[in-house]
Amino acid sequence: GENVEQHPSTLSVQEGDSAVIKCTYSDSASNYFPWYKQELGKGPQLIIDIRSNVGEKKDQRIAVTLNKTAKHFSLHITETQPEDSAVYFCAAPISGNTPLVFGKGTRLSVIA
Amino acid sequence: KAGVTQTPRYLIKTRGQQVTLSCSPISGHRSVSWYQQTPGQGLQFLFEYFSETQRNKGNFPGRFSGRQFSNSRSEMNVSTLELGDSALYLCASSPRTGGSYEQYFGPGTRLTVT
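Residue numbers (our numbering), protein chains in the order written: chain P, 8 to 119; chain H, 3 to 116.
Don't read these hints as lab results, they were simulated from the structure. We put the beta carbon where it would ideally sit given N, CA and C, even for glycine. Please note: incorrect hints may appear among the correct ones.
[Said to hold, decoys possible] Within a straight-line C-alpha distance of at most 30 angstroms, the following computed BS3-like cross-link-like pairs (lysine-lysine) qualify:
#1 P:K78 / H:K3
#2 P:K64 / P:K44
#3 H:K59 / P:K49
#4 P:K65 / H:K3
#5 H:K3 / P:K49
[What the hints assert, rightly or not] In silico contact screen, one side only, chain P against chain H (beta carbon under 10 angstroms); selected entries:
#6 G50
#7 R68
#8 I101
#9 P106
#10 F109
#11 G110
[Said to hold, decoys possible] A few chain H residues that don't get close to chain P, going by computed Cβ distances all over 10 angstroms:
#12 R69
#13 S72
#14 R75
#15 S88
Build out the structure end to end from the sequences listed, making use of the hints.
Below is the structure:
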């Protein structure tokens, strides 16, 4: 089955700096890679996703890159703001089908 | 569109009791998945329902069960509660059509077992 590893577990950055979170997956058949942001007391919110036929996707300050050969994908947040502080999760489906297997999460703190 | 709703938001139960949680997916979404979130284990998949049929099941004991109704609303039930069942239970809905895998989560139900 799919195994998703996420690093780092905690990340502190100064406001305005960039943050990068990395995930690796084990199932080469996986073809969909979402990222979720979870704020305190809320459910995870889908912030960006990428499919295996695309190497990079960007949405304003957030971007995701995918390296299928190495089986890893990364979340990039530029010009970080205090409201970016949250726990971020990467995920991958089991063998190209839902359900999702989640990484353990990265607690991002943006220091003003 | 309204988002995923879950009721109740908070629940306190005693060991040995049973509990039923409810989830209403986004309008038009036919798939509902349930996840358990704990600090130690993270987000773990429980089961998925699509058109009233269970399509996938995670590695949880038979005390955890679910169902889906014709209007796509879903319930999950946990019988004979144990202390270790204390967790945030999240429901996610997905259109599950045309190769669409996006899942949208509700706010969760915080279950505390004492």
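Hints, one by one, checked against the model:
no.	hint	result
1	P:K78 / H:K3	violated (35 angstroms)
2	P:K64 / P:K44	holds (17 angstroms)
3	H:K59 / P:K49	holds (24 angstroms)
4	P:K65 / H:K3	holds (24 angstroms)
5	H:K3 / P:K49	holds (18 angstroms)
6	G50	holds (4 angstroms)
7	R68	violated (21 angstroms)
8	I101	holds (8 angstroms)
9	P106	holds (4 angstroms)
10	F109	holds (4 angstroms)
11	G110	holds (8 angstroms)
12	R69	holds (17 angstroms)
13	S72	holds (21 angstroms)
14	R75	holds (17 angstroms)
15	S88	holds (16 angstroms)
In this structure, the earlier hints numbered 1 and 7 are contradicted, and the remaining ones agree with it.
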